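S.K.: Protein chains in written order, with the numbering used here: chain Y, 1 to 330; chain E, 1001 to 1323; chain B, 2001 to 2430.
Hints in this document: simulated from the structure, not taken from any laboratory.
It should be emphasised that the depicted structure is a prediction, and the values quoted were computed from it without experimental measurement.
We treat Cβ as the ideally placed atom computed from N, Cα and C, and that holds for glycine.
Do not rely on the hints blindly, as some may be mistaken.
Pairs of lysine-lysine residues, derived as DSSO-like cross-links and limited to a Cα-Cα distance of at most 27 angstroms, are as follows [what the hints assert, rightly or not]:
hint: 1; chain 1: B; residue 1: K2158; chain 2: E; residue 2: K1041
hint: 2; chain 1: Y; residue 1: K324; chain 2: B; residue 2: K2002
hint: 3; chain 1: E; residue 1: K1270; chain 2: B; residue 2: K2002
hint: 4; chain 1: B; residue 1: K2002; chain 2: E; residue 2: K1032
Anything over 12 angstroms on all C-beta distances counts as not near chain E; from chain Y, calculated [unchecked claim]:
hint: 5; residue: E24
hint: 6; residue: R54
hint: 7; residue: P59
hint: 8; residue: V70
hint: 9; residue: S72
hint: 10; residue: T75
hint: 11; residue: D166
hint: 12; residue: N168
hint: 13; residue: P169
hint: 14; residue: T195
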Amino acid sequence: MPNRELTYVEAIREALQQAMADDERVFLIGEDIGVYGGAFGATAGLVDQFGEDRVIDTPISEAGIAGACVGSAVTGMRPVGEIQFMDFVTISMEQLVLQAAKMRFMFGGKATVPMVLRMPGGSGTGAAAQHSESLENWFVHVPGLKVVMPSNAYDAKGLLLAAIEDPNPVIFVEHKLLYKTKAQVPEEKYTIPLTQTKIVREGTDLTLVATSIMVQRAVEAAKVLSEQGIEIEIIDPRTLNPLDEQPIVESVIKTGKMLVVHEAVKTGGFGGELVSRIAESSAFDYLEAPIRRLAGLDIPIPYNRVLEYHTVPQVESIIEEAKKMVEGAY
Amino acid sequence: MSNTLSEVMELTREQLKEMLLQMMTIRAFENKAQDLYSLGKVHGTMHLSIGQEGTAVGASTALTNNDYLLNTHRGHGHCLAWGSDPNRMMAEFMGKETGYCRGRGGSMHIADVDSNNLGANGIVAGGLPISVGVGLSIKMRQTDQVVMAVFGDGAANEGAFHESLNMASIWNLPIVYLCENNQYAMSMSVKRAFNIECISLRAQAYNIAGQTVDGNDVLSVYEAVRKAKARAQAGEGPTLIECLTYRWKGHSKSDRQLYRTRDEVKDWQKRDPIVRFANYLQLSEEAIAEVQKEADRLIETAVSFAESSPEPSVDTIMEGVYA
Amino acid sequence: MKEVILPKFGFTLEESTIVEWLVSEGDSVEEGDPIVEVSTDKTNMEVEAPVSGIVAGIQFGQGDVVPVTQIIAYILAPGERLPEQLKPTSAKAQTQSQGASNQVTGNPLEQSMTPVAARMVAEKGVSPSAISGSGQRGKIVKSDVVAFLAETTSVNPKVRATPAARRLAREMGIDLATIVGSGANGRIQATDLEMNQHRQVVRDPEPTDKPQAIPLSNMRRAIANNLQSSWQQAPHIMFSAEMEMTAVLAFVAEYDGVNLTAVLTKIVAWTLTKHPAVNAHLIENDIFLHDDVHIGMAVALDEGLIVPVLRSVNQMGIQALTQAIKDIASRAREGRLRANEMGGATFSISNLGMYGIDHFTAIINPPEVGILAIGGVRREFRPNDDGTPVLKSVATMTLSVDHRVVDGAVAAQFMADLRKVIAHPARMLL
């Protein structure tokens, strides 16, 4: 079916459906994922197809959900857990950071923990400070975990199927505002390899590395900039850890300038890691300006819509910052 | 608590003697561990289970290597009782390449995934949520296995305990929750940390089977776990077994033990699970000495094996992070 | 007999201090009885008797610092005796204290510098004896070395340059201090080096019989593109006029510190203020008239043309202008122009008189709309008012204007006024 468009959330649902249909070991576990269909509808209808034994509604027990994934994965299953909001993963941290991530290494390379934990992050829904977190870099900081952040429906399906097939624990970070965005998504099952950075748009004047929803905002910004004669190169790492950094290094060698855009707060964010990688790389000798980060303000997400809007990078702020960099303001 | 042992008919004389050997081997291992640590031959920290040999051996005897074990930081005993090789345990303890975890885990993380020993855990209650997953997995794969999650009295006051036992109960999972109540969570006594008579009472809150047994009576532990396994296999769900026992040594090597009296320790030492079991078996002194000799020999062999084993190569440092 | 060792109590413990022996030699103890209190880095701990028996051979006294795993005493079985060699002796104690004092003294040279300071001293090849230390007991610390080096070596001022520019400078063997930066706050960008690179290549061509292909440098490419687009897009019209130079030459001869170029430039600037249509920019569909006159001075370099800008020439005195022209021309030839001197002219002048050129035309530098080409001064006979031939100093000047902006009559009027002022510079005072 050519030109078939799906929303991001539909693409995720289709990936889950196809993985479950093809592999009996795959099952879903989380809060309100059964008849309710998940807080954002990602699992809608799956309980009808696969039954309550494979689409398991849990009590409000995030440590339990994570532990259920760890324990079943290490004994041969392929669990896909859902944490209703990324914020709530704080309750699961012990199981993810101290158990799932470390088991293989700690046991001398023997155990495998093939689990996926999906969770929607990000602001923009007016849900305030405890339902809008972007905590991906917490997990980037933990060897043994893989961290994936799809920026569009096509990637979401292919990356989720790859994550389910991966023998490692994968933190799969979705974005609430992306759920309704559409892209062409093939009907057949396909995977996008983890740790494969994507050049979203080619350009010569600036390398812009963005994650999740910021990739889409960067693409919008690039259109406006292009009309003004500025051509930026947009790069989406897609998998934050382990990172495929070579395409970024090569791009910076080409453009001499690098801007990182992410929603998470700037201090301690993934941008710091990216910037360090470039500073340490062969691209350093090609830099023509200081590397810059455009990221969330160092504050919790405010409730007020105007304040919320100004807390994280938007298309306008990306345009402004990119322009300044290209024009040599720094 | 009486000092007699419960009668168990299912076990043969040979099996009973094997259990005594295991208990003595555990104590010999722990004594040796203490010596090696004092001598600086091992590093880090370690948690000795001297005085708790009855729970470890009783529980594992009721299970097979086809079942699963989730262990605690005070886990040498359960590991040996599960049937792990003292040589590879000692090598792990010394951080050697031949250890169960290639020297990456150490005392607190000894695991033998091949025999379904899913590892000791450095996090109090860390194994409890995992047990839910293992239980789910058993149920979904429709095998007749069970998983035993061992934890201490301290773990019963973690939030993960509640989440796990509740999930295990609502899904009727084949899990044996074995709470080793050794009276202290580091320095916090059970009397100060709980406002209930016994920890197994909490089973009622989850509507699962609960029982408190004399953890220094290896046979009553065996019997409780055997019944819990049968219950799990019959689809009757999890059981919470509380084993009353006592840790003779400090929490770890840097423990001054200001929270308890020497008299209290001596009192519990009179209920030594090994002495009680040896008396029960009515073995002659020579026979007991024979078993002790075998236990010591096993541990001496383990030390030689470990000491002569190679250190892990730094070249391999990155191995095993990702599959 | 069983040794009592000082146990390792914690992760990091290396040694403990004997606080107090709780038993004496000859006392009988039971396994597990505390026999000595020691203090660790964390707290006080008791060492327990490893077996039951008689305490003997205590090796350390109160206050002694003992490494972990050392034997501190023995426990004897009933009837057992401690072998003579295991009894602590005063000689042993002496050896220990000697060992300790050796450690403290150490090697005086090694003691006198921090590791960082030692590395810096080694790297810079400085004699440590020349540096006075400000650390404990005269130890030389990093800041001492830094201060010493600052005093004794002429420190290069920090050059601001991008990493890319630094790499190019390294590769090309160029001292960044000689380069003018065009980036933010005068930072040297890679393109500044590339301009310079071309300069180097042309200055020192490799001797060769074959024609050498010289790739267009960025600078040359910029010139080429600029001139081509100007010639293609701006319809040039040109107006030549012969200027009577006697008065200006007399002026130059009369005053110190002025030269002909400066006088002519000043006159051109003055005339431009009267003809704003020529002192203008054409940007897309808009014409911008300028009050100030910024003159681009075309300077011929070996590798190409560069047009540095003299700002607000209309407001400058001629002596100052003379200095400014000399300065900017020499810095242009040395490649040391500042970023703000590279653009923004409202009108340009090209003077090739020194090459003996009588008459030439020039191409406009967009977005400017005019450029004046100045030929050399010639001595020619010209008729005076009554027709008698008189020897006069004359020069031909040619104005190119962008016909899209400047009409012929406007340009002609400009040239006419210019001609009058050059003939009679005093008109500028009117």
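S.K.: Each hint should be assessed against the structure and marked as holding or not.
M.R.: For each hint, the structure was consulted:
{"no.": "1", "hint": "B:K2158 to E:K1041", "verdict": "54 angstroms, violated"}
{"no.": "2", "hint": "Y:K324 to B:K2002", "verdict": "78 angstroms, violated"}
{"no.": "3", "hint": "E:K1270 to B:K2002", "verdict": "25 angstroms, holds"}
{"no.": "4", "hint": "B:K2002 to E:K1032", "verdict": "15 angstroms, holds"}
{"no.": "5", "hint": "E24", "verdict": "9 angstroms, violated"}
{"no.": "6", "hint": "R54", "verdict": "8 angstroms, violated"}
{"no.": "7", "hint": "P59", "verdict": "6 angstroms, violated"}
{"no.": "8", "hint": "V70", "verdict": "5 angstroms, violated"}
{"no.": "9", "hint": "S72", "verdict": "4 angstroms, violated"}
{"no.": "10", "hint": "T75", "verdict": "4 angstroms, violated"}
{"no.": "11", "hint": "D166", "verdict": "8 angstroms, violated"}
{"no.": "12", "hint": "N168", "verdict": "5 angstroms, violated"}
{"no.": "13", "hint": "P169", "verdict": "10 angstroms, violated"}
{"no.": "14", "hint": "T195", "verdict": "10 angstroms, violated"}
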